[in-house]
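Chemist: Note that the protein sequences, when read in sequence, are chains S and G.
Letter by letter, the first sequence follows residues 1 to 514 in the working numbering.
Letter by letter, the second sequence follows residues 1 to 374 in the working numbering.
None of these hints come from the bench; they were simulated from the model.
If you're wondering where the values come from, they're calculated on a predicted model, not measured in any experiment.
Built from N, CA and C at the ideal position, the CB exists for glycine as well.
Where hints are given, some of them may not hold.
Said to hold, decoys possible - Label-pair distances were calculated between CB atoms; the ranges are:
#1 G/87 to S/438: 20 to 30 Å
#2 S/414 to G/279: 47 to 57 Å
#3 G/145 to S/509: 16 to 26 Å
#4 G/140 to S/355: 45 to 55 Å
#5 G/181 to S/151: 33 to 43 Å
#6 G/340 to S/152: 50 to 60 Å
Unchecked claim - Which bits of chain G does chain S cover? Going by a derived footprint, with three or more residues having C-beta under 8 Å, they are:
#7 111-118
#8 157-165
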Amino acid sequence: MPWFVLIPALAAGIGTVVPIAYLVLRAFDADLDTVARLVLRERTLHLLVNTLSLTAGVLVITTIMAVPLAWLAVRSDLRFRRVVTWLAVIPLAIPGYVVAYALIGLGGHNGLLAQIFDLTVARPRGYWGATIALSMYTFPYLFLNVRAALMGLDPSLEESARSLGLGGREIVRRVVIPQLRPALLAGWLVIALYVLGDFGVVALMRFEAFSYAIYLQYSAAFDRIYAAWLSLMLLALTLGIVAAEARLLGTRRYARIGAGTQRAVVVTRLGRWAPLAHAYVAVVLLASLGLPIVVLAYWLLLAPPDAAAWSAVGTAFLRTASVAIPTALLAAAVAMPVAYMSARVRMRGGRVIERLAYLGYAIPPVSLALALVFFALRSAPWLYQTIPLLIAAYVVSFLALAIGPIRSAVLQVPARIEEAATSLGRQRFTAFWQVIFPIIRRPVIAATALVLMVTMKELPITFLLGPTGFTTLAVSVFSRTSEAMMAAAAPFAAAIVLFSSLFVGLLISYEGRR
Amino acid sequence: MADTPHLPHTPRPVVELRGLSKAYPRPDHVAVEDLDLEVGSGEVLCLLGPSGCGKTTLLRLVAGFEVPDTGTVSIAGDLVAGPDCWVQPDRRRIGFVFQDYALFPHLSVLQNVAFGLRRGSRTQRMQQAKAVMDLVGLTIFASRYPHQLSGGQQQRVALARALAPAPAVLLLDEPFSNLDAALRGSTRDEVRQILKRTNTTAILVTHDQEEAMTFGDRLAVMRAGRLEQAGSAESVYSRPRTAFVASFLGRTNLLRGEGLGTVAKTPIGDLALARPATGQVMLSVRPESLHFSPHGGGVDVRVLQREFKGHDLTYTCQLTGPDAVRLIVQTGPDCLVRVGDTVPIAASTAAVPLEPSVSSAAHSAAARRAVQER
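Isolated chain S (complex conformation) (with noise of 0.2 Å):
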């Protein structure tokens, strides 16, 4: 294996292993009877119950959301269907956080509601809460899967049905969903990932899930042993996840088989249901995309920032970039020789390094917070709180998002390309750099701006592990809406949806140029 791709893959490798090595470490420290004291206990249970309870919730929501949605958006004659696709994807750029955020300042006695309708409404917390903040900003992952699988639908599969005798219902029922299921299953497991690392909404809501109860034992109570028991069995219960999804997908084929090119989707009528159609879509977009501007605009305008304010949120955007531009550029710097190999090396290696990149962002990130915090605390006291160790945090954490393109990209040029440059002259590196870089540069770039976005709005890794006031915007839209300061929140989360907005429409269109 080349040396330019061994030293980025092992180390990649590295950063996972060893965060969930100190983790394993510090959970034995204590006797086994501590342990299963610990362990063994009601709370835990109440834990399980609730993340997994709050999991399907949101699975449920979700669904009902984004399936319907995307149906609309790709085989009916809705209008405006590529506006409504654009719009059911904006949420991406919005944080669960900020979702919460909206929904805290809708309640209440100087809510939103309260003050312009005068409709006390108890502020949503707890179970509801949650659910709902985190549906709203975790459904465009299933509807652009769901969406994508239905544009590569083959019509002429629903065209054999037919001919084969089967009625609408049917054809839905045993063509049309099982052809969806890889594509459910793909949304679904992002979403679960989302649910079971999520932070910030369950902070702001004050239930009791996992994620949670990781950072109260750790913040409030400073019981560090049960902290690390508690994210081991949330990793667990992350891992089994994935691996039931993997189970549930199999090996089966879904790809069109056998030769002639795909005809264009068959569009349906909705005729009188048209109505309803739109009223569905009017309803879905209000709540994920026009709850948070609204309640944005409504806390900007009452308590109009001054410039004091605005140069805060000015230092805290500049604070955020200075760790997420270095964040991309390593991410996707190290991305490279990992899609690389594991697009081209034929090597056992190869595919252990890469789910090992998977692996880092499965771990919930609260978790991955205390393993770094642990490993710092016991090997390194001097990368505790610093911005280098909290840049590597982030790349374990969204290693993968860089890798999934830019893998795609790779497997995409034939490998007769850098055998033609080496038959020129050049050497391995020279010829990937002269070569293959070119050729899969936008998707490059597009993996940078991704991880770059993500990372601006990261917020349970910052603070756990950022420097002491190292308040990032992500931090400041917390600490504040937390404290219920929901007007001293606003221009940060504002500045929040601004520029993640911004990313997510470059990136749809860089999409849509490749």
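Fit chain G to the given chain S structure using the hints.
Modeler: Quick look at chain G alone, frame taken from chain S:
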């Protein structure tokens, strides 16, 4: 090999393969086995064989894209692969033309051609590249990008790119197979002329027997990882060494006979032999060696099928005797023999006695497949 003609080239071969073997672990499959081959300076060698015979692997072993299990590879007198020796492909001074061309999509035609030129100033390199493009007739496309060119033009860019650094040997992996039939012939002639004009040593891999016979100075027939026969197209065609070579390169009639020195007893009578043989022997008799002799002196056959091909006629016949052997006979286009006729046939040239194949395993199956493929 007994019938390899003397090469009119320098004594020192440019490419020398000795005892070369390569097996792939998955699926357990020997691609190249104990193979010896030499290519002289300025010589164009065509490697011919059915798909899966290991010819592309052989080319990739020479290029250094694959590592041999055993044996040695020398290029221009330098050992580049062998026990305790491995030279990376970028240091081997080879040029490679890929089946799908593998042009760099992000570079213009000129930049593609100049890619392998690394010495001299930028201006010098561009001039060199332009000179090569002139040679292949691409000058007007210099600033275009690969996707803006037709298949034949891309083919020539690939050739120019490989030729530009003046490689010791040019390796071509089925370079014409992606061109349509009309373009293939003319491109082949052009490429051959360019190779000859530049006195380039080249190895071309193909499964097209016509291409192998017309393109190369010499051809080498491979089967199941081994070299069956090498030599000029004429010598291999007229004196095939094995039944596989005889039936893969052109069509032939395989007859059992009993050798009696310079003649052999066969179901179609006593035939003169091209090489002396005694005992049970397999003979190759080309369809054009047989003719109908209505004025007696032959064995009777019944005509089963008559195919008119313009410049000639191909008959499928069956012996009327107890053997019922089927024979293919090729005649001029004005032969009057019809389906259902019974006519005597005779051989006009000597039959070639065949040796058992080097790789006798799955022999007949491969030969049959090779015949069917055409």
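Chemist: All the hints need checking, so say for each whether the structure fits it.
Modeler: Here's how the hints hold up against the structure:
1. G/87 to S/438: 20 to 30 Å: At roughly 27 Å between Cβ atoms, residue 438 of chain S and residue 87 of chain G fall inside 20 to 30 Å, so the hint holds.
2. S/414 to G/279: 47 to 57 Å: 53 Å Cβ-Cβ, so the 47 to 57 Å window holds.
3. G/145 to S/509: 16 to 26 Å: holds (23 Å)
4. G/140 to S/355: 45 to 55 Å: Since residue 140 of chain G and residue 355 of chain S have Cβ atoms about 51 Å apart, the given range 45 to 55 Å holds.
5. G/181 to S/151: 33 to 43 Å: holds (38 Å)
6. G/340 to S/152: 50 to 60 Å: Holds: the Cβ-Cβ distance is about 59 Å, inside 50 to 60 Å.
7. 111-118: Since three or more residues must qualify, the claim that chain S covers the stretch 111-118 of chain G holds, with 3 doing so at under 8 Å.
8. 157-165: holds (count 3)
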